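Add 1138 to a position in the sequence shown, counting from 1, and you land on the number used in this note's numbering.
It is worth saying that the hints were derived from the structure and are not from the lab. Just so we're clear, the structure is a prediction, and the values are computed from it rather than from any experiment. A couple of the hints might just be wrong.
Straight line, CA to CA, 25 Å or less: simulated PhoX-like cross-link-like pairs of lysine-lysine [said to hold, decoys possible]:
no., residue 1, residue 2
1, K1236, K1263
2, K1226, K1236
3, K1214, K1197
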Amino acid sequence: MKKWIITLVALLMLFTVSHADKATEEELIQIAQSLLTEVYGYTQEEADSFTYNISDEDKLWLVRFYQSTSWVYEAKILKSDLSFSSYKTPFGTSSVSKASENSVRALLHEMEENDWFSKWNADSKQALGETLAQYSDIHINNSMDRGLQTDGYTPAQALEDFFLSCYGERAYWSPKTLVAWRNATFEAFGLDGNVPFAIMQQGI
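Build out the structure end to end from the sequences listed, making use of the hints.
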């Protein structure tokens, strides 16, 4: 009886490995998409817009996926059980900031959905400040803290301060793909990315 049970377990393990080795492209894409939505804060619609390239790397699948070839995500998925061996974002940073990419992107979605920058006034500034306070890993800098309480503070200054609050000063931004993401975000919101440094620092 015991020998029969051991044999059955071995067969089940063999079936699992065999199934994983034959994982379909759709299954691997779904696993990669779960990384985008659950870890990095993309919506399902955004994840569906990615391009996915899959390579067979002996004991694992290598999936590289992107919206722009300027920044590429990567996931290594074990064939044995389809779990992640490792994964990485193109927006890794040496900044001392603790903001997660999930929180950063969630806040950007909030800005877009609530249209705060288009109807920039005291109410939208207050709403932005209150929403930021809900994210414990994002600590707004002094410029943004003061700016949200002043009349002359612009949406462009607020967005610039947001990125600085999340990732620290530009000198700590590594790799430079963060600059590309910052610039693309300004473009998406229809804002001029040439934020005056002196004014930005003063938060006025």
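Taking the hints in turn, this is what the structure says about them:
1. For a cut-off of 25 Å, the pair hint linking K1236 to K1263 stands: about 23 Å separates their Cα positions.
2. Between K1226 and K1236 the alpha-carbon distance is near 16 Å, which keeps this suggested pair within the 25 Å criterion.
3. Between K1214 and K1197 the CA atoms are separated by roughly 10 Å; this keeps the pair inside 25 Å, and the hint holds.
Against the hints set out earlier in the document, no violation occurs for any number.
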